[in-house]
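As given, the protein sequences belong to chains A and B, one line each in that order.
Under UniProt numbering, the first residue of the first sequence is numbered 1, with each subsequent residue one higher.
Under UniProt numbering, the first residue of the second sequence is numbered 1, with each subsequent residue one higher.
Think of the hints as simulated: they come from the structure by calculation, not from any bench.
Nothing false has been slipped in among the hints.
Here are the simulated EDC-like cross-link-like pairs (lysine to aspartate or glutamate), alpha carbons at most 20 Å apart as the crow flies: (1) A:K170 - A:E108; (2) A:K53 - A:D10; (3) A:K53 - A:E7; (4) A:K65 - A:D10; (5) A:K117 - B:D259; (6) A:K117 - B:E208; (7) A:K53 - B:E152; (8) A:K170 - A:E30; (9) A:K53 - A:E147; (10) A:K53 - B:E166; (11) A:K65 - A:D172; (12) A:K170 - A:D32; (13) A:K9 - A:D22; (14) A:K9 - A:E30; (15) A:K65 - A:E55; (16) A:K53 - B:E153; (17) B:K262 - A:D116.
Residues from chain B shown here face chain A by an in silico Cβ test under 8 Å; the list is partial: (18) S151; (19) E153; (20) H156; (21) S206.
Stretch-level coverage of chain B by chain A, calculated; a stretch enters the list once three of its residues show a Cβ under 8 Å from a Cβ in chain A: (22) 135-149; (23) 157-165.
Note that beta-carbon positions come from the ideal geometry of N, C-alpha and C, so glycine has one too.
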Amino acid sequence: MSERLIEAKDLCVRRQGGLVLDNVSLALGERDFITLIGPNGAGKSVLLRHLLKLETPDSGSVTHKQGLRIGYIPERFQIDPTLPMPVRRFLTLNNNQPADALAELVAETRCDMLLDKPLAALSGGEMQRVLLARALSNQPHVLMLDEPAQNLDVSGQLQFYRLIDELYEKRDLSVLMVSHDLHMVMSSTRQVVCLYHHICCSGAPDSIARDPEFIQMFGGEMAQMMAVYQHSHSHDHTHDDAYDHTHHHEVKP
Amino acid sequence: MTAPLLITATALALLAGPLGCFVVWRRMAYFGDGLAHSALLGVAIGLIVGMSHQIGMILIAIIFAITLIWLRAQSLLATDTLLGILAHAALSLGILAMALLGVEDAEVHDYLLGSLDSVNADVLVYVVLGCGLSLGILMRLWPGLLLMTSSEELAHAEGVPVRVYEFLLMLLLGVLVAAAVQIVGILLITSLLIIPASAARLFAQSPEAMAIGGSLIAGLCMLAGLPVASAMAVPLGPTIVALTVALFVLLLAGRLLVDRLKPAG
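I would like the entire structure built from these sequences, with the hints used as guidance.
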């Protein structure tokens with residue numbers, strides 16, 4: 001078993017009386033690629049913010065491995081138009097990025113043509129790539145992405161997820177991503193965790209799609225579509241673990 | 001015009017440029033106003049306790065910032081409402097205190113609008129020390145502050161102590177207010193922060209360029225304002241601010257002209 005980079009134990013978070021996170025436990029190990037799905041208001045972003053230690057839970061704990069570096073793409077990023085910020089300056093803010101490392105970083109994230117543009121002038125897809133470059137700029141062990149493709153069109157989404165996949169293959173990274181794009185998630189990610197205040201189910205996409213709680217949440221048609229999608233696409237990807245199409249999901253309390 | 005005045009004006013301008021940028025970027029204009037309004041109370045406390053006005057104003061600025069942060073954390077009222085309450089509470093208390101202490105109206109007037117006679121060697125030491133120290137701190141915090149201004153979450157996740165930085169920024173504004181009150185006056189301090197930075201924004205391509213541009217514009221207007229106010233025997237603060245507005249209008253016209261010509265060319 002790989003070493004745990006981030007571990008959340010029995011997280012409970014209360015907001016205005018209601019439990020947003022109800023006894024959530026989750027561990028992210030080295031080289032893990034976990035996608036967090038769930039309906040709106042399920043507490044996905046809240047969980048991510050707690051895993052980042054941006055907020056403190058009402059009970060439970062989050063532990064980071066000593067010296068852990070996290071690259072983060074927040075759900076919303078909107079720069080004030082009065083702040084003139086060229087991409088180059090943004091990527092070198094508050095870190096000592098040498099010129100050659102920057103060149104490599106922007107080539108890897110396809111931002112090389114954007115360096116002299118102001119942040120405020122970027123398109124949605126360009127902005128996400130710049131944020132990805134920023135997230136990678138401190139050589140993180142973990143990449144945390146909060147709905148990174150929400151403002152992109154379908155081909156933009158595809159390209160962005162492909163880029164994340166590429167980076168995951170190339171770098172020594174763990175990825176934890178919140179996503180709404182079920183069809184992408186089910187066809188490409190390695191482990192899926194379905195959250196609705198508590199963790200409903202987790203495991204490989206095909207097993208998730210057959211989970212009764214998942215079917216209840218997203219509807220039978222959706223689950224069926226996912227399962228079909230999963231089957232027809234299972235050979236297109238460079239997964240290192242072959243999926244056995246059996247029930248082996250682990251439902252956590 | 002005297003050497004202390006020139007040095008004071010230069011020191012103020014150097015700090016007002018970059019600090020003004022943050023006021024613009026982080027929408028702290030109302031906070032700056034509130035801080036300035038509380039300055040009179042600081043002067044009164046300085047008079048009562050028998051210490052320098054500048055120290056009194058900085059003390060009040062610290063109390064002002066802490067009270068605001070605490071009230072804001074209770075999330076009962078909007079921040080601008082809280083600022084309005086705090087600012088006017090401090091201003092009325094300050095004016096009452098000045099009246100009770102028997103300070104002459106003319107002197108209160110000087111605090112409100114700034115005066116040429118107010119700067120002497122004693123004040124100079126505070127201003128130069130305060131501005132120099134603040135500028136040093138601001139340069140240390142600069143990258144982190146810029147990152148948290150771009151995205152607070154991102155800065156937080158990358159390990160910038162966001163709350164500490166925010167408090168320090170408020171403190172630096174307090175120092176600037178204390179240093180600038182006697183030249184520019186309580187009523188117009190915020191404009192010394194906002195107008196030069198906004199004028200610089202019209203042509204700046206990077207945060208640093210905007211900060212330096214702001215300092216240049218503030219410095220130019222202060223150094224030009226001193227002889228003008230003195231020759232025409234008018235209050236100093238409004239003279240300086242009128243000059244910054246004139247420069248802003250000129251640059252705005254230039255910017256609009258450039259934009260108009262660009263698509264054609």
